[in-house]
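Enquirer: Chain by chain, the residues run as shown.
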Amino acid sequence: MQEPVIADNKTANRELLDFVFSWPKWFFLVGGALNGLIVAGFLVVVVMLWFGLQFLGYSHPVYWGFLIVNFVFWIGVSHAGIMVSAILRLTQAEWRRPVTRAAEVLTIFSLLTAVQFPLIHSGRPWRTMYWTFPYDWNRGAWPNPRSPLVWDPSAIFTYLTSTILFVYVALIPDLALARDRAPNPISRAIYGVLAMGFRGSTRQWRIQAIAGILLSAIILPIFVSVHSIVSWDFAVTSVPGWHNTIFAPYFVIGAVHSGVSAVVTVMIVMRYAFGLKRYITRDHIDSLARLLIVVATVWLFFFMLDLFFGLYGTEPAEVDTWQRRLIEPPWIVLAIIFIFTAYLIPVPMWMFRSVRRNFFLMFVTTILVNIGMWIERYMVVVPALERKSGLTFTYGDYAPSLSEIILVIASFGLVILGFLTFAKLLPIMPAADIKEGQILADRIKVGRANVPAAMRE
Amino acid sequence: MASKTQAKHELLALYEDPEGAADAVGRLRDAGFDDTAVEVLSSTPYPEGAFGERHTKHRLFAFPFAGAACGLAIGITWTVGAQITLPIITGGKPVVALPAIIQIIYEGTLLGAVLFTVLGVLFESRLPDGVGLYDDRISDGYVGVSVLARERRVADAQIALEEAKPVDVLSREGSLMQVSGTT
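Here the protein sequences line up with chains A and B, keeping their order. Position 80, counted from 1, in the first sequence is what the working numbering calls 80; the numbers after and before it change by one each time, with no gaps. Position 167, counted from 1, in the second sequence is what the working numbering calls 167; the numbers after and before it change by one each time, with no gaps.
Accuracy of the hints is not assured; some may be wrong.
[Unchecked claim] To spell it out: a stretch of chain A is covered by chain B in this simulated footprint if at least three of its residues, at any positions, have a beta carbon under 8 angstroms from a beta carbon of chain B; those stretches are:
id, region
1, 149-160
2, 219-227
3, 292-305
4, 403-413
The hints are simulated quantities; they were obtained by calculation from the structure and are not laboratory data. For every residue, glycine included, the Cβ atom is placed at its ideal position computed from N, Cα and C.
So that you can see chain A by itself, here it is in the shape it has in the complex (with noise of 0.2 angstroms):
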């Protein structure tokens, strides 16, 4: 990388703020359309809180079905933001810069929307405060700090108050940028709050940039543990399939897959919907499908040493388990869907440098990921409570049902709005980051070639 982006301040301030100060129509009809969707999920929890949680297709012995699958792959795209964004700023990479707000803002509306499965779950959701909070509400009961009912609520709570901290940090000078630059006294005001006072001095400056890395460097290890923690609300179980050792590297580096893919596509999508064709380059999309076909690499590995252990120990429940997941209909089918959407089709596609510098493969490419590891959540998680255990005499297939599937489509719509939201209220491109970009960017002489290079304190 990379050719810098080219723009004088006047024109980079216009073009990262036009999509916060301008109205297009089509906003309000994609906001109205995901808003549907959100209310259409809405009516679906209010009556499932009416009926209680058979409205939703859950009986005996599967009782963790889409809201857990929804839960566990939300969890898993919102690691794309502090991942890439973290990682990039540690390691100062120069092509970082269009790409770190909206990473981290997909990271915190994933977030969100993740922590309303358990909720919805719990079929009682104001009841979950019983369970989570450190408080004995007059039972002369303390929370058992041991439940993964508590280890769960305080991993996503850290990772999502880091994380909202953390983009605000660093939209601080955007925050100025936007007030000083704000179409009305209202704006400008809010705005100005919201900053702060900000001026940009030197000192200010320097305190970010050490900011920026000293949060990325706290973040990153709360990054890990989140998923890690979420592995072992499976692994600490002892259900055959999700009793393994390999759970929490393996949910990790899959999120990792999932999420950097998610932050491919809405790249992609932001380059031609904000109209930010000079900031998010072919350079940048090269880059992200780079790193992915490492990280898909390694995911794989993840995702054969679970087979593996699962059967070598020769436990006959782990691998009729696996034998249920890879063999048996229907799971043969969404199995051979889930390896060939997840890798056999992407990383082969993205080792071709024509692929991976063209748009519109590379959002196929990464919606097909996306769809692969949704799918991969749904083969850990259901599969193995179907399975005939001991003692049971209540077994049987289980379906999603229709509301199932409205409330996996409504959390779409409530990922996307928030982004929308976002970027329509807030700079979704860090303009003081890409301006430095341009500052520190240079091109130097090699033999008889001129190539870009880019200077670093």
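Mind docking chain B on chain A? Use the hints.
Expert: This is chain B only, laid out in the frame that chain A set:
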């Protein structure tokens, strides 16, 4: 209480490029202004030392450690306290079971570190700040040099700033260059 003669006035000069701003900083230093009285404002982070300013001293690195210590203490207090307050005996295992609570202590430690780091960022950046002189043109790429001068030295500061050929020099009352006509 400061006397009237000791009251400080802020001047802000705008320059088209960083070289002009660096020149102004140098001239202010030559005129006897202390580095703490001079600030360079820009819409873009420039490498440290680009304007000839001194190394920024700060204590930001201390904040995450202090936060982590607080978070660790709270995490231990809550998890251990909860188990001792309501001991649940399970299969002869210890009441305070570290493997089952270390996750929460870990998250508490890191949450404390993040919260204190953000507080540290605000403290060390001197935010919120609603009193400093500022001009919107800085966000268009102009570089501002702000100087705090005692009343008797305002003229010296203005001369130093104008010698570096600014686009404008501002005080709280407005543009000084328009008043003096030295554009």
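Enquirer: Each hint should be assessed against the structure and marked as holding or not.
Expert: Status of each hint after checking the structure:
1. Figure legend: the region 149-160 of chain A, annotated as covered by chain B; annotation consistent (6 residues with Cβ-Cβ distances under 8 angstroms, at least 3 required).
2. Counting residues of the region 219-227 of chain A whose beta-carbon sits less than 8 angstroms from any beta-carbon of chain B gives 4, enough to reach three: the coverage restraint holds.
3. Only when three residues or more bring their CB closer than 8 angstroms to a CB of chain B does the claim for the region 292-305 of chain A stand; here the count is 0, and the claim is violated.
4. Counting residues of the region 403-413 of chain A whose CB falls under 8 angstroms from any CB of chain B gives 0; the rule of at least 3 is not met.
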